[in-house]
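J.: Starting from the known structure of chain A, fit chain B onto it as the hints suggest.
Chains A and B, in that order, give the protein sequences.
So for the first sequence, this note's numbering puts the first residue at 66; every next one is plus one.
So for the second sequence, this note's numbering puts the first residue at 66; every next one is plus one.
Treat the hints as calculated values from the structure; they're not laboratory data.
Misleading hints may appear alongside valid ones.
Which copy? The list can't say, so a pair holds if one copy fits it or any two copies do.
For lysine-lysine, the following DSS-like pairs were computed, each having C-alpha atoms within a straight-line distance of at most 25 Å [unchecked claim]:
{"#": "1", "residue 1": "K135", "residue 2": "K243"}
{"#": "2", "residue 1": "K283", "residue 2": "K269"}
{"#": "3", "residue 1": "K261", "residue 2": "K197"}
{"#": "4", "residue 1": "K269", "residue 2": "K253"}
{"#": "5", "residue 1": "K135", "residue 2": "K325"}
{"#": "6", "residue 1": "K261", "residue 2": "K232"}
{"#": "7", "residue 1": "K183", "residue 2": "K67"}
{"#": "8", "residue 1": "K283", "residue 2": "K325"}
{"#": "9", "residue 1": "K269", "residue 2": "K135"}
There are 2 protein chains.
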Amino acid sequence: MKVAIQGEAGSFSQEAARRLAPGCTIVPCARSVEVFDRLERGSVTAAVIPIENSLAGSVTEHFDLLLARKVFIQREFRLRIVHNLIAAPGVRKADLRRAYSHPVALEQCRDFFRRNPKIEPIPFYDTAGSVKHVIEGGLRDAAGIAGRQAAQVYGGRILVAGIEDDKRNFTRFFLIRKVKRIVPGANKTSIAFGLKNVPGALFKALSAFALRAISLSKIESRPMRGRPWEYVFYADFLRGDDRPARQALGHLGEVAEMVKVLGIYPAA
Amino acid sequence: MKVAIQGEAGSFSQEAARRLAPGCTIVPCARSVEVFDRLERGSVTAAVIPIENSLAGSVTEHFDLLLARKVFIQREFRLRIVHNLIAAPGVRKADLRRAYSHPVALEQCRDFFRRNPKIEPIPFYDTAGSVKHVIEGGLRDAAGIAGRQAAQVYGGRILVAGIEDDKRNFTRFFLIRKVKRIVPGANKTSIAFGLKNVPGALFKALSAFALRAISLSKIESRPMRGRPWEYVFYADFLRGDDRPARQALGHLGEVAEMVKVLGIYPAA
Numbered sequence: 066m067k068v069a070i071q072g073e074a075g076s077f078s079q080e081a082a083r084r085l086a087p088g089c090t091i092v093p094c095a096r097s098v099e100v101f102d103r104l105e106r107g108s109v110t111a112a113v114i115p116i117e118n119s120l121a122g123s124v125t126e127h128f129d130l131l132l133a134r135k136v137f138i139q140r141e142f143r144l145r146i147v148h149n150l151i152a153a154p155g156v157r158k159a160d161l162r163r164a165y166s167h168p169v170a171l172e173q174c175r176d177f178f179r180r181n182p183k184i185e186p187i188p189f190y191d192t193a194g195s196v197k198h199v200i201e202g203g204l205r206d207a208a209g210i211a212g213r214q215a216a217q218v219y220g221g222r223i224l225v226a227g228i229e230d231d232k233r234n235f236t237r238f239f240l241i242r243k244v245k246r247i248v249p250g251a252n253k254t255s256i257a258f259g260l261k262n263v264p265g266a267l268f269k270a271l272s273a274f275a276l277r278a279i280s281l282s283k284i285e286s287r288p289m290r291g292r293p294w295e296y297v298f299y300a301d302f303l304r305g306d307d308r309p310a311r312q313a314l315g316h317l318g319e320v321a322e323m324v325k326v327l328g329i330y331p332a333a
Numbered sequence: 066m067k068v069a070i071q072g073e074a075g076s077f078s079q080e081a082a083r084r085l086a087p088g089c090t091i092v093p094c095a096r097s098v099e100v101f102d103r104l105e106r107g108s109v110t111a112a113v114i115p116i117e118n119s120l121a122g123s124v125t126e127h128f129d130l131l132l133a134r135k136v137f138i139q140r141e142f143r144l145r146i147v148h149n150l151i152a153a154p155g156v157r158k159a160d161l162r163r164a165y166s167h168p169v170a171l172e173q174c175r176d177f178f179r180r181n182p183k184i185e186p187i188p189f190y191d192t193a194g195s196v197k198h199v200i201e202g203g204l205r206d207a208a209g210i211a212g213r214q215a216a217q218v219y220g221g222r223i224l225v226a227g228i229e230d231d232k233r234n235f236t237r238f239f240l241i242r243k244v245k246r247i248v249p250g251a252n253k254t255s256i257a258f259g260l261k262n263v264p265g266a267l268f269k270a271l272s273a274f275a276l277r278a279i280s281l282s283k284i285e286s287r288p289m290r291g292r293p294w295e296y297v298f299y300a301d302f303l304r305g306d307d308r309p310a311r312q313a314l315g316h317l318g319e320v321a322e323m324v325k326v327l328g329i330y331p332a333a
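The following block holds chain A by itself, in its conformation from the complex (with noise of 0.2 Å):
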């Protein structure tokens, strides 16, 4: 089975992706849109990605593609994430000046460098890509800061280790297919809608769900593209495919302009 992720190898997508799918195959891809172009196009069976992370917020531009593409969410997954110090083997914690990583991997890092104040943070494009920089380019005196999987994969060794500041850091992965198949044991659905901009039309579509007792476990705004300040909406509630989702669901067609199940699947 093959798997497409969006980053280096050595990522956090790639643990999440050998959680979900283990003994798949890993497709790294560069960008976030060849890793849907491939799933749509069959050249992979399935794809891996984050979509919300417990610290940071969503992943908007896979919200975004969700709703764009065929695609469906088949698993849920929350994987911790651990970031640590990994250097070229022989350099020791001594030698370092200065840390690579992503500034979102930096800014989870920061009592680490308020107690190390002789290695300089960095701001690299990928928490991954900070290590493979690091020990592919020789550097003695530099490390890269990333999950432990990038050291086993650039042959890096790991300084510190969980070097984050809060350990309640998790992210939210789906697997995604280009089949729609709901799984036994699903019970969380993930929905996009969009509502014409008058007073009230987010409180009547979310009647839908009030009215039935069904708890959302998620919703957010985001823009239309290309359509400035209008907007769809993103929301996430605990039922399966059963008689009241299908109802609520029923209702809010009623109220919205537009309703895409984005996926119905096993709550992580």
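T.: Same frame as chain A, but now just chain B:
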């Protein structure tokens, strides 16, 4: 008047700051927390921060900082985002093999790269920073992609102007201050509120606005920092500091666990 911004000189934030506070002195900060620290300490009079892009979505870190810190939104501004291909003087477009920029900017210039396959897009941590990198490094086969003010600041030449795919690309900026002051003409309010995770909680909260025919122009749930999958809501509604708005906020206060008014300001 000293105004703090996040990012390099020459960034879109700098352009927004010049429009929101003409004649101000810009204080560039490496990180957003530093911007808020300076404002709270009083070492700057105001700060200008991007809050939402019409294509890329919310700047979630800034919403979280508006909630956590004692600051108040005083003005809103919409900046049209124009991306330009910028290189060192004397470099021609035909010389280029690489173009550096922030991944979001590269993604917004996909058609340009399709039409110019000899130029490879390379992710960089900042738009203006990519121009600085290219000019200060004396690169002859590379360009940066950024706003025109980056060309002025670093002495670059614009080889192609306006290479973004979608001209409906705007970013909303806020001018924030430590003091709470509502300027004349204020007709829009930004709030944050927290809800218990029970079915219908958001429906009840929104009734405060729907029953008074007050229009929401934005709503977004965000994970609460350090409390995985608990949510705070950010909303904008189209009223200033008038009686119905105060009544709606009072009503919301009965339903919500927490309500904070982030600012009351004239809609851009």
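J.: Each hint needs a verdict: does it hold in this structure or not?
T.: Results for each hint:
1. K135 - K243: within (7 Å within a copy, 47 Å between copies)
2. K283 - K269: This pair counts as both: shortest intra-copy Cα distance 17 Å, inter-copy 16 Å.
3. K261 - K197: So K261 and K197 fail the 25 Å test inside a copy (47 Å) and across (44 Å) alike.
4. K269 - K253: both (22 Å within a copy, 22 Å between copies)
5. K135 - K325: Within one copy, since 11 Å is at most 25 Å while 40 Å is not.
6. K261 - K232: So K261 and K232 pass the 25 Å test across copies only (23 Å; inside, 41 Å).
7. K183 - K67: Cα proximity of K183 and K67: none, with 43 Å in one copy and 30 Å across.
8. K283 - K325: both (16 Å within a copy, 20 Å between copies)
9. K269 - K135: Neither. Shortest intra-copy (28 Å) and inter-copy (34 Å) distances fail the 25 Å Cα cut-off.
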